[in-house]
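**Q** Given the structure of chain A, go ahead and fit chain B onto it with the hints provided.
2 protein chains.
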Amino acid sequence: MEYDFKALAQLYKNALLKDVIPFWEKHSLDWERGGYFTCLDREGNVYDTDKFVWLQNRQIWIFSMLYNQLEKREDWLKIAAIGANFLAQHGTDADGNWYFALDRAGNPLVQPYSIFSDCFAAMAFSQYAMASGESWATEIALQAYNNVLRRKDNPKGKYNKIYPGTRPMKALAVPMILANLTLEMAWLLSEETIENVLDMTVREVMADFLDRDRGLIYENVAPDGSHVDCFDGRLINPGHGIEAMWFVMDIASRRHDATTINQAVDAMLNTLNFAWDVEYGGLYYFLDADGHPPQQLEWDRKLWWVHLESLVALAMGYRLTGREACWDWYRKMHDYAWSHFADPEYGEWFGYLNRRGEVLLNLKGGKWKGCFHVPRALYLCWQQFQALS
Amino acid sequence: MEYDFKALAQLYKNALLKDVIPFWEKHSLDWERGGYFTCLDREGNVYDTDKFVWLQNRQIWIFSMLYNQLEKREDWLKIAAIGANFLAQHGTDADGNWYFALDRAGNPLVQPYSIFSDCFAAMAFSQYAMASGESWATEIALQAYNNVLRRKDNPKGKYNKIYPGTRPMKALAVPMILANLTLEMAWLLSEETIENVLDMTVREVMADFLDRDRGLIYENVAPDGSHVDCFDGRLINPGHGIEAMWFVMDIASRRHDATTINQAVDAMLNTLNFAWDVEYGGLYYFLDADGHPPQQLEWDRKLWWVHLESLVALAMGYRLTGREACWDWYRKMHDYAWSHFADPEYGEWFGYLNRRGEVLLNLKGGKWKGCFHVPRALYLCWQQFQALS
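Chains as they are written, first to last, in our numbering: chain A, 130 to 518; chain B, 130 to 518.
In case anyone wonders, no lab produced these hints; they're calculated from the structure. Careful, some of the hints might be misleading.
A pair holds if it fits inside one copy or across any two, identical chains being indistinguishable in the list.
Unchecked claim - Heads up, simulated BS3-like pairs for lysine-lysine below, C-alpha to C-alpha not over 27 Å straight-line:
| id | residue 1 | residue 2 |
| --- | --- | --- |
| 1 | K287 | K299 |
| 2 | K201 | K135 |
| 3 | K461 | K155 |
| 4 | K299 | K496 |
| 5 | K285 | K299 |
| 6 | K496 | K287 |
| 7 | K155 | K207 |
| 8 | K496 | K290 |
One chain only, chain A, in its complex shape:
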């Protein structure tokens, strides 16, 4: 692979518009009941009809974002609308909290225990409001955003099983959510709010969750950023850390803050070195920072989103800094990801490989994999290489 950024931009554009988006357009739409099927086998056949609210919102977001950013295609807006209308009708309880799962018809199956459901709802309805101009969508987005702000200090609410006080910890996910959401909702927020939230979240991630000595991003730390010697406190989630680093790069680049960009690139490169499987290639899903056995039995699986977020982070890191290490790692990641996850025969990418890189689950979508990481990453990589060319 040479430095042919134009060809890379074309590769990502084609994969997005001729492979991945058509897969979801063809197989995922529930025209009868509304919303989307996400449990799709390799060929796109529906094997389960439950509707998981994270994934419903994420698909609304993708189609609205493409409409807003790329091209005003009426069919994209229509696809976003069948999800948005379904969720507007069925997605929340009487208090406006977002359920985790619904059945095909929209009846609630799993209670609103996850702040991420509200987070993805805010993202989805904000993009959809921008695309459709519907004021009811703006209202839903703002209500979900306020849910997130209200819930951020106790994201699981009454479903939180942690005993208070014994061993307080905070999670990387919370500042990540806030940063992400604030960028998504920027068109509805004041400049001052945006700047304050971004300042706060970037500082928290880079000061508390990033261990400068080890160069690793921890998933959970004590409130003061120190380490806690327990399973959760030792947990490294490389894909999540790397995703956080491109969020930080993206924010820092808007502010022309080269120091923070380079810190984020350093952390990303350290994480890649730490988490790359030298025997079989690919990035581990979970690791213990101190080399102890992790509690997650799936720790050595190779997951699609981990590798796609790494491609985005590396392409962005290279575009912003020109550092050779980014390019070397990009090539390595590109070769692994495109040869193991992509499935040009049937479209979309496989989600779950075993450690050796063999397909573990013969699916394109499920309870946790929907229309989100693949198209978002393809879109972002396309943008990076277009800028580079």
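**A** Same frame as chain A, but now just chain B:
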């Protein structure tokens, strides 16, 4: 391997008394703070000091049971006591509900969300009360037993995330718990209570959870025993089903009910045929009854307890029925389990292998593996082969 039942009895006895019990005696005892360390690496070094209440109770149970059933060794009683005293002091909240996890000193970490914590407490303190003669231990056992009865219709209580009414299901674990507990508490219960509970639970397992047409035990079914076409409703947990079948055989043999014994043996054999990995050997951890991708990413791992419970079920099935299929399967399971999980070099058994049978986590104990399935199965297999010889 010939029909040398005497040699097999000796093998299991030696493994129990010269390998596995000494491993826990040597490495797991926290003389300083009380209770047990369960996070032990291959060699027995402690890598995490948190105390998981399931495993604390299960170790109390094992040492009390050995004292009650095998030999009145004072050191076994003393080991049971350091767990029992620790948990009597720290194990429950003010209302007597059993926490899920404590830190090394006994401070609560995870709330009492699991009915199994109460269940294992009832088992542990019942055995310990019998061993020690302490009336406070009997009181704790009875209180935990009443917790289980109170919680059985909503085992997770306020931590239950399932939305009520949309898609009611019941779990195999609940009748299994009740049957198991009733046998454990038999010395404290009336004959009538025992018979009623055993009648009810065996009938429920064999009529509702066992699908006679497919010969498979489902993990979750509708309240009337019909199937529900969703991830949880399609879930097969072969180790759990096989464990349930030896519980049923054990109960039925006390009642000289050959019909039920043979039904349980049939279901066990069908489950083994369904869940055996013909390519690499061993039993899968989770399967989808209809062949769809399971939601559990760890579905193809080979777990110690699945294989140990199968050894118990097969040895018991063979002892009770003399059916050749039990013996053929026993030999196959014996060869796989002893060659892959046992670790005579350092003692105890590995817990987690990948699909190919290679060690996945280099540990002898963790958050979910403690001093329980290995010694219990070794003890029970020893008893079966002693009876056969």
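**Q** Could you run down the list of hints and mark each one as holding or not?
**A** Here is how each hint holds up against the structure:
1. For a Cα distance limit of 27 Å, the shortest separation of K287 from K299 qualifies both inside one copy, at 17 Å, and across copies, at 23 Å.
2. For the homomeric pair K201 and K135, the shortest alpha-carbon distance inside one copy (24 Å) is at most 27 Å, but the shortest distance between copies (79 Å) is not.
3. Proximity of K461 to K155 under the C-alpha cut-off of 27 Å is found in neither arrangement, the shortest distances being 32 Å within a copy and 47 Å between copies.
4. Taking CA atoms no more than 27 Å apart as the test, K299 paired with K496 passes in both settings, with 26 Å inside one copy and 21 Å between copies.
5. In this homomeric assembly, K285 and K299 come within 27 Å of each other (Cα to Cα) both inside a single copy, at 12 Å, and across copies, at 25 Å.
6. For the homomeric pair K496 and K287, the shortest alpha-carbon distances inside one copy (23 Å) and between copies (24 Å) are both at most 27 Å.
7. Taking the closest pair of Cα atoms, K155 and K207 come within 27 Å of each other only inside a single copy of the chain (14 Å); across copies the shortest separation is 66 Å, beyond that limit.
8. In this assembly of identical chains, K496 and K290 lie within 27 Å of each other by CA distance both inside one copy and across copies; the values are 23 Å within and 16 Å between.
The structure fails to meet hint 3 from the earlier list, while all remaining hints are met.
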